[in-house]
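Asker: Chain residues, written in single-letter form:
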Amino acid sequence: MASSQFFPSRDRDVAFPILGSALLFAALVGAGLLYAALQGGTASQNLVTSMFIDAMMVVGLQIYVGNTGVFSFGHIGFGAIAGYTFALLAIDPADKLARIPEAPFGLLDVNTSPVVATLVAVVVTVLIAGVVGIGLARSGAKSGSVSATVITLALLFVTHEVAKSWTDVTGGDRAGLAFGIGDTLDGRLALFLCLFASIVVARLFAQSRSGRLAQAAREDNLAARAMGINPTVQQTIALLLSVGVIAVAASLRVYEVGSVLPNLFFFDYTLLTLVMLVVGGRNSVSGALLGVAAITAARELARRLGSEGFEIFGIGLDGAPLDWIFREGLPRVVLGFAMVGFMIWRPDGLIDDWELDGWLHRRFGAKSSRPASAETLPVVEEHVLRTDEVVVDFGGFRALDGANIEASNREVVGLIGPNGAGKTTLVNVITGMVEPTEGRVELAGSDLTSAPSHEIARAGLVRTFQNLRLFSSLTVRENVEVSCLVAASHRVHSTGVTADELVETAGLWEHRDRRASELDYGNSRRLELARAAGMNPTFLLLDEPTSGMSDAESLEMVEHVRRMAATVGAGVLVIDHDLQFIVGICDRVYCLDQGTVISEGSPSEIQADPAVQAAYLGTAAQT
Amino acid sequence: MTELIQNVIDGLGRGSIYALLALGVAVIFGVMHLLNFAHGELITVSGYAAYAAFSTGWSWYLVAPLVIVVSILTSLVIERVAFSRVRNASSFTQLLTSFGIHFLVSAMFVMYVGARVKTFSEPSWISDTTAIGPITVEVFDLVVIAVTAVTLAATVVILQKTMFGLALRAAAADFDTARLMGVDSDRVIRGAFALSGALAGIAGIFWLMRAGNTAPSSGIDPMLKGVLAALIGGLGSLRGAVLGGLALGVAEVVLRSQLPGTAAALTDGVVFALIALLFIFRPQGLITVSHAERV
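In order, the protein sequence lines correspond to chains A and B. Take 1 as the starting number for the first sequence in the working numbering and just add one per residue. Take 1 as the starting number for the second sequence in the working numbering and just add one per residue.
Quick caveat, the hints were computed from the structure, so don't treat them as lab data. Glycine included, each C-beta is placed from N, C-alpha and C at the ideal position. Be aware that a few hints might be false.
[As the list claims (entries may be wrong)] Simulated restraints, written as ranges between beta carbons of each label pair:
1) B:277 x A:489: 31 to 41 Å
2) B:84 x A:127: 30 to 40 Å
3) A:373 x B:274: 53 to 63 Å
4) B:282 x A:130: 34 to 44 Å
5) B:174 x A:397: 41 to 51 Å
6) B:130 x A:123: 37 to 47 Å
7) A:308 x B:84: 33 to 43 Å
8) B:177 x A:380: 44 to 54 Å
9) B:132 x A:346: 52 to 62 Å
10) B:158 x A:130: 16 to 26 Å
11) A:397 x B:277: 56 to 66 Å
12) A:580 x B:179: 51 to 61 Å
13) A:613 x B:179: 31 to 41 Å
14) A:419 x B:177: 44 to 54 Å
[Stated by the list, open to error] Sample of chain A residues at the chain B side, in silico, Cβ under 8 Å:
15) 150
16) 278
17) 335
[As the list claims (entries may be wrong)] Stretches of chain B that chain A covers, calculated by requiring three or more beta carbons in the stretch to come under 8 Å of a beta carbon on chain A:
18) 77-86
19) 269-276
Just need the whole structure built from these sequences, with the hints factored in.
Answerer: Take a look at the structure:
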């Protein structure tokens, strides 16, 4: 495709995100420094410093949780690993001798600068994250899966137990590792650089190819695989990047605090960072930073109201019976309330997935001009899709019993049959979503039987779904861009059709910046088709594209499918009940009944076939 | 040999408590598909209720039923106040809600009762032993095992023989279909939380007897044991939860007696790591309740 492999648009996906990151950084740091200056004293300086560190942590967490939708308890565990690694390397040998005289591996003699210690901590933690990532991938982690919760929780817990019990190295629960480096973060320059870099990394990743594919998989794992995305690869990239940021932040935190104990990175900090992430909006970096600022302010307010009574910030309520609220321990209660309250009333956070740079780009960026509808593309090379004696048993039920069909990318082939005939099962077998008990699937002579879904999609067989599976919180244009991005790196031939042209061809240009979930039914169907076309497929496999449509709409759909297929030069294999639609669009039709092909021919031949009529009307076939 | 048998009985005593906790976790997971991190808070709340009752001079015989009642009520209140509002939300939202409740409850106790541990006297017979042939066992373990057996039998009767049990099992198998078949979803879920609270209450009696104290963070341990045992058992499966609880109890006692000091303290960590590995290598075998996606 015309656009870059990594960032679809240089303005929208690179320049504006960097600008937006700078503004977010400036706002957070400005607000923090202003507060500290107005308040004065070291306490407020420390508060602001730890807010900046928390911000880095939360941005790191956002890179993974936001883009993949996979919930992680484990990131603070990674922080613990990084924090201890940093401490062990950076602490003065004399201090180590006092606290952990039995330390193995010659750790006692190591004395590196904080910068080197941070780099080593990042490398070590990211390597461990790689192993954990493989485990998560194997367990089939995806948005909302229990396995990811359990594995990441286990990581947090095991890290904590090790930190508590391996006293030779960690100093255990009591001693801890305190610092003899002398320097602290007073200068803050390193902190500012790291925080700014984290925000930029998070924003660029979200706009990058990898980030977009991860978000697509977050929205719908199955549909993402059907579009040639391998979710585990994108999730792992997000994990490594996010853990890298966390590791730097954890090193800074240990440096700032001046010591490390097992509880520095455990449940309490997990809760704090998670609350910050979800209050602002976990799907957005702007939201994550907003959450950090809001929760830091709320906690500080609660602390001061709790400890100093209610004569603070001009709020003087002497005599009001409010000491049942304003007392010690209020900050924790506020955190707990924030978590539960936001989950109940605003689970997507204050600003959901709104991004500052996205807004700026829509407002001030160069407007993309309306593209021309895409030209139609002649089919150059003939490819044949063939299923050979496919058998599928579900337990004792035989859904497919030796189904043979053959289709060329120069034609539109229909697949009809009564309910339960095995039509969808056959498409599921072809697209790798159901493993056949026997039989083969071939495209252009190469065997695709039992290949993973995303490889089948990359080979050129791209499907739509009976029950519509759009990436619902992505915009219309982003939906199509995702498949164009996959096509750009995995499809050999380029059609030269851009995502914008496809959106225009689908008649959705006016809706391009709306969320897919906001579209009406007909437009959703058209978008699903445009998204499939973006993959530059050899074949479009359409599972009931007109289900739930009126007669007029399904006639429109005939035109629409023809045009989309012609635009990318793809053949079509379509399942439908709607005879009018099938007759209108198909060159050739197969009729399936009880898992086998009972008839094949032109639409009119099929309509006239008594075996077909018998199958539909339920009478015994008379042959 | 006798030591082993003694360990196993000791482990079954411990494991019975875990089994009751795990069963409560599994019942909720069955109907709501929610891993309830707030489960341990039932024991925190009833622990404080017990403490309050003791300080007005109640005996264990009165406190025991009180613990059960408080646990059931707490469970219902948490459902009404929080979980009923996120019932149709994503599992992400539900999980964080339960996590938030866990913190909120302990934070409230810190704020209103204080962070200090509150102690009360254990029952006098807690460390009595009795000899069965060559084996010396704690009376407490025998009582726990017996009460658990009766509780489980009662639970089986409720689940198998009552309309509520049928509705609950139907809802656990397929919540939406059960609703279409006329199962009142509100009642089933409230019932599930009540059952879960009752089981936690019975477990809580023994937990508190053994601990002899309560603190704001008391909930973490029972929550962890319940969740771990339910995970071992495969989460959705009630029978699995019970077996998981017993297995966890026996494993703990055996490991503690066989391993040197520091390693024994790692039991939970080891179990957790093993469960994580199980999820990594056999995700399909463990998550028995996940339904195939329809495409």
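Asker: All hints are to be evaluated individually against the structure, with a verdict given for each.
Answerer: Hints, verified against the model:
no.: 1; hint: B:277 x A:489: 31 to 41 Å; result: 34 Å, holds
no.: 2; hint: B:84 x A:127: 30 to 40 Å; result: 44 Å, violated
no.: 3; hint: A:373 x B:274: 53 to 63 Å; result: 59 Å, holds
no.: 4; hint: B:282 x A:130: 34 to 44 Å; result: 22 Å, violated
no.: 5; hint: B:174 x A:397: 41 to 51 Å; result: 19 Å, violated
no.: 6; hint: B:130 x A:123: 37 to 47 Å; result: 58 Å, violated
no.: 7; hint: A:308 x B:84: 33 to 43 Å; result: 37 Å, holds
no.: 8; hint: B:177 x A:380: 44 to 54 Å; result: 50 Å, holds
no.: 9; hint: B:132 x A:346: 52 to 62 Å; result: 59 Å, holds
no.: 10; hint: B:158 x A:130: 16 to 26 Å; result: 48 Å, violated
no.: 11; hint: A:397 x B:277: 56 to 66 Å; result: 35 Å, violated
no.: 12; hint: A:580 x B:179: 51 to 61 Å; result: 36 Å, violated
no.: 13; hint: A:613 x B:179: 31 to 41 Å; result: 39 Å, holds
no.: 14; hint: A:419 x B:177: 44 to 54 Å; result: 19 Å, violated
no.: 15; hint: 150; result: 5 Å, holds
no.: 16; hint: 278; result: 6 Å, holds
no.: 17; hint: 335; result: 7 Å, holds
no.: 18; hint: 77-86; result: holds (count 3)
no.: 19; hint: 269-276; result: holds (count 5)
Going down the numbered hints, you'll see the structure goes against 2, 4, 5, 6, 10, 11, 12 and 14, while the others check out.
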